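Chemist: Chain residues, written in single-letter form:
Protein chains: 2
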Amino acid sequence: MAGDAERVYPADRVILREVGLRDGLQLTQSFPSTEAKADWIRREHAAGVRHFEVGSFLPSSRFPQFADVRELTDLVNSLGAHSLGLALNGRGARDALEAGVTELTVVLSATEAHNMANARRPREQSLSEIAATVRLRDEIRSPALINVGIAMATGCSLAGPVDPAEVERLAEACLRAGVDLVGIADTVGYGGPRQIAELCRRMTALMGDRPYVVHLHDTRGLGLANALAAYDAGARVFDASLAGLGGCPFAPGATGNVVFEDLVYLFETAGISTGIDLEEVIAIREILSREMPDETLHGTLAQAGLPKGMTWQAHAA
Amino acid sequence: MAGDAERVYPADRVILREVGLRDGLQLTQSFPSTEAKADWIRREHAAGVRHFEVGSFLPSSRFPQFADVRELTDLVNSLGAHSLGLALNGRGARDALEAGVTELTVVLSATEAHNMANARRPREQSLSEIAATVRLRDEIRSPALINVGIAMATGCSLAGPVDPAEVERLAEACLRAGVDLVGIADTVGYGGPRQIAELCRRMTALMGDRPYVVHLHDTRGLGLANALAAYDAGARVFDASLAGLGGCPFAPGATGNVVFEDLVYLFETAGISTGIDLEEVIAIREILSREMPDETLHGTLAQAGLPKGMTWQAHAA
Numbered sequence: 001m002a003g004d005a006e007r008v009y010p011a012d013r014v015i016l017r018e019v020g021l022r023d024g025l026q027l028t029q030s031f032p033s034t035e036a037k038a039d040w041i042r043r044e045h046a047a048g049v050r051h052f053e054v055g056s057f058l059p060s061s062r063f064p065q066f067a068d069v070r071e072l073t074d075l076v077n078s079l080g081a082h083s084l085g086l087a088l089n090g091r092g093a094r095d096a097l098e099a100g101v102t103e104l105t106v107v108l109s110a111t112e113a114h115n116m117a118n119a120r121r122p123r124e125q126s127l128s129e130i131a132a133t134v135r136l137r138d139e140i141r142s143p144a145l146i147n148v149g150i151a152m153a154t155g156c157s158l159a160g161p162v163d164p165a166e167v168e169r170l171a172e173a174c175l176r177a178g179v180d181l182v183g184i185a186d187t188v189g190y191g192g193p194r195q196i197a198e199l200c201r202r203m204t205a206l207m208g209d210r211p212y213v214v215h216l217h218d219t220r221g222l223g224l225a226n227a228l229a230a231y232d233a234g235a236r237v238f239d240a241s242l243a244g245l246g247g248c249p250f251a252p253g254a255t256g257n258v259v260f261e262d263l264v265y266l267f268e269t270a271g272i273s274t275g276i277d278l279e280e281v282i283a284i285r286e287i288l289s290r291e292m293p294d295e296t297l298h299g300t301l302a303q304a305g306l307p308k309g310m311t312w313q314a315h316a317a
Numbered sequence: 001m002a003g004d005a006e007r008v009y010p011a012d013r014v015i016l017r018e019v020g021l022r023d024g025l026q027l028t029q030s031f032p033s034t035e036a037k038a039d040w041i042r043r044e045h046a047a048g049v050r051h052f053e054v055g056s057f058l059p060s061s062r063f064p065q066f067a068d069v070r071e072l073t074d075l076v077n078s079l080g081a082h083s084l085g086l087a088l089n090g091r092g093a094r095d096a097l098e099a100g101v102t103e104l105t106v107v108l109s110a111t112e113a114h115n116m117a118n119a120r121r122p123r124e125q126s127l128s129e130i131a132a133t134v135r136l137r138d139e140i141r142s143p144a145l146i147n148v149g150i151a152m153a154t155g156c157s158l159a160g161p162v163d164p165a166e167v168e169r170l171a172e173a174c175l176r177a178g179v180d181l182v183g184i185a186d187t188v189g190y191g192g193p194r195q196i197a198e199l200c201r202r203m204t205a206l207m208g209d210r211p212y213v214v215h216l217h218d219t220r221g222l223g224l225a226n227a228l229a230a231y232d233a234g235a236r237v238f239d240a241s242l243a244g245l246g247g248c249p250f251a252p253g254a255t256g257n258v259v260f261e262d263l264v265y266l267f268e269t270a271g272i273s274t275g276i277d278l279e280e281v282i283a284i285r286e287i288l289s290r291e292m293p294d295e296t297l298h299g300t301l302a303q304a305g306l307p308k309g310m311t312w313q314a315h316a317a
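Those sequence lines, one after another, are chains G and R. Just so you know, we're using the UniProt record's numbering here: the first sequence kicks off at 1 and counts up by one. Just so you know, we're using the UniProt record's numbering here: the second sequence kicks off at 1 and counts up by one.
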């Protein structure tokens, strides 16, 4: 399926992916109804968003927040948008492909310690299973892109600092395994802008015309600075979640994913058009206020308002 | 006194100025006791901070939070550190110089509308008064540096967008009036990193070997991204406040000054040594928790903790 990635992620623009429906709900105590999630997706789509991570393919008995992942996949596909699903094992990967996601994300940790703790297997075994997932995708003639998210790519809560060269080596191994794209994740918010820039320069050189994903958390306040550093180093695809939903399991109460609306604001102030109607995205936060009243909504822009005299125009693709 | 600015702000390092004792307390309902403020100063000095804005020279009947500004000026001077005082009129300027501040900050707004609203006079008149303040400084043989903070330099809550060329023009006028240094303030957090970078490139070219100050607010989440953009454009002197004290009068509850400890973290992750012991600065927040229990303390780092395996060493000047 190589070649499709460039169609789904045109290289001539910055692309923001809404991951709040998956990463944002991974750890929350409450979650929106399916109807409210659908409203969230429809309204963000109308505001110009085209890429939605809809959920994890996990047993709904243990993860009720993702019980509607197939329904949401259908919704996103029916809008002509791009549906992303996460799978943590072979069973989940098959389920996701059969559900019709247009992109399947699987996870590989940058460090052996974290891969063992998280997936209970060595990274080499994970790489073999990634290759098997690619073969499965081809066997069942799924059109889905396969994306490997490299977790802890900027530092590991178990192993400490991570060498960008090691992440590059793993990304190369993923490409050899046949995946379509690779993501680098600052999973626990350890990255700083110089480090992210170095990593992205390596990724830009490695990937050539192919896209790669930058998945940042704002755990230590550097999310937006890191995003701009990544952009300047050639990155064009960014994950974020509405209101920064999605905390850090190792830091209760800490900020989670980069705040979607603040990331739109960052790029627009920098003259980089996102194609997203910022005011409408801010308005969509009311779904979360209503459906998850006990959840902290992050983001400074929604609180402070847009600057006087600045106007925002959507150029939806 | 020209020439002293380079001694107080050596060009070979980044310098973070603690402005929490002034800007941070401008709008708060409560404030620390003088003893607690002194503890804050002494502990931050021990952690490597060398520049403290100690207060505003205003009638203590109306601004009780600054009633101890002379005492704090003496304390900072006794430590061999740099004491900054703000004055909003000629009377305050004389008071500050006579109190022995080693730097006096006066304010000029980037826009005519804001200068009229804030100081009730045209900018040209403010410039004349700035020249008079410089003459006063020389007459009374004060060794204080005179710094003009250009408010609303990146956008104005009354007039909207601000042209960087206009800020440059005003900075030149300040230099002609004889001031030692100039600051640019993102007073209401309207600036974005590209805009800040353009403004700082102009300031770097204009100021040559002389320092200039970058005063950022984090009102819309871009404070740290803006700081790095400013640094990359040549800025070396930054204001910040412990726990981000200091809100925005136009956005109740919004974040105020850039968080001091997060700014230290930004630079240290980027390999730019601040000379400041980050862990100790985080620990000093307890003074604010104790003395101002109803005040929101900002900053993600204090909540999330330092990354595993990262060590911080103070290289106090």
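Calculated from the structure, these hints are not laboratory results. Remember, predicted model here, so these are calculated numbers, not experimental data. Heads up, a few of these hints could be off.
Copies of the same chain look alike in the list, so a pair counts if it fits in one copy or across any two.
Only pairs whose alpha carbons sit at most 20 Å apart, straight line, appear in this in silico EDC-like list of lysine to aspartate or glutamate [stated by the list, open to error]:
hint	residue 1	residue 2
1	308	291
2	308	71
3	308	209
4	308	74
5	308	280
6	308	112
7	308	98
8	308	295
9	308	268
10	308	279
11	308	286
12	308	163
13	308	166
Chemist: Hint by hint, say whether it matches the structure.
Modeler: Results of checking the hints against the structure:
1. Within a single copy, residue 308 and residue 291 get their C-alpha atoms no closer than 31 Å, and across copies no closer than 35 Å, so neither meets the 20 Å cut-off.
2. Within a single copy, residue 308 and residue 71 get their C-alpha atoms no closer than 41 Å, and across copies no closer than 40 Å, so neither meets the 20 Å cut-off.
3. In this assembly of identical chains, residue 308 and residue 209 lie within 20 Å of each other by CA distance neither inside one copy nor across copies; the values are 39 Å within and 35 Å between.
4. In this assembly of identical chains, residue 308 and residue 74 lie within 20 Å of each other by CA distance neither inside one copy nor across copies; the values are 40 Å within and 41 Å between.
5. Within a single copy, residue 308 and residue 280 get their C-alpha atoms as close as 17 Å, which meets the 20 Å cut-off; across copies the closest is 38 Å, which misses it.
6. For the identical chains of this complex, residue 308 and residue 112 are inter-copy neighbours only, at 16 Å across copies versus 50 Å inside a copy, given an alpha-carbon limit of 20 Å.
7. Proximity of residue 308 to residue 98 under the C-alpha cut-off of 20 Å is found in neither arrangement, the shortest distances being 48 Å within a copy and 40 Å between copies.
8. Within a single copy, residue 308 and residue 295 get their C-alpha atoms no closer than 29 Å, and across copies no closer than 27 Å, so neither meets the 20 Å cut-off.
9. When the C-alpha separation of residue 308 and residue 268 is checked against a cutoff of 20 Å, the pair qualifies only within one copy, where the shortest distance is 15 Å, while the shortest distance between copies is 34 Å.
10. With identical chains, the CA atoms of residue 308 and residue 279 are at most 20 Å apart within one copy only, with a shortest distance of 13 Å there and 38 Å across copies.
11. Neither within a single protomer nor between protomers do residue 308 and residue 286 lie at most 20 Å apart by alpha-carbon distance, with minima of 23 Å and 36 Å respectively.
12. Proximity of residue 308 to residue 163 under the C-alpha cut-off of 20 Å is restricted to the inter-copy arrangement: shortest distance 14 Å between copies versus 43 Å within a copy.
13. For the identical chains of this complex, residue 308 and residue 166 are inter-copy neighbours only, at 18 Å across copies versus 45 Å inside a copy, given an alpha-carbon limit of 20 Å.
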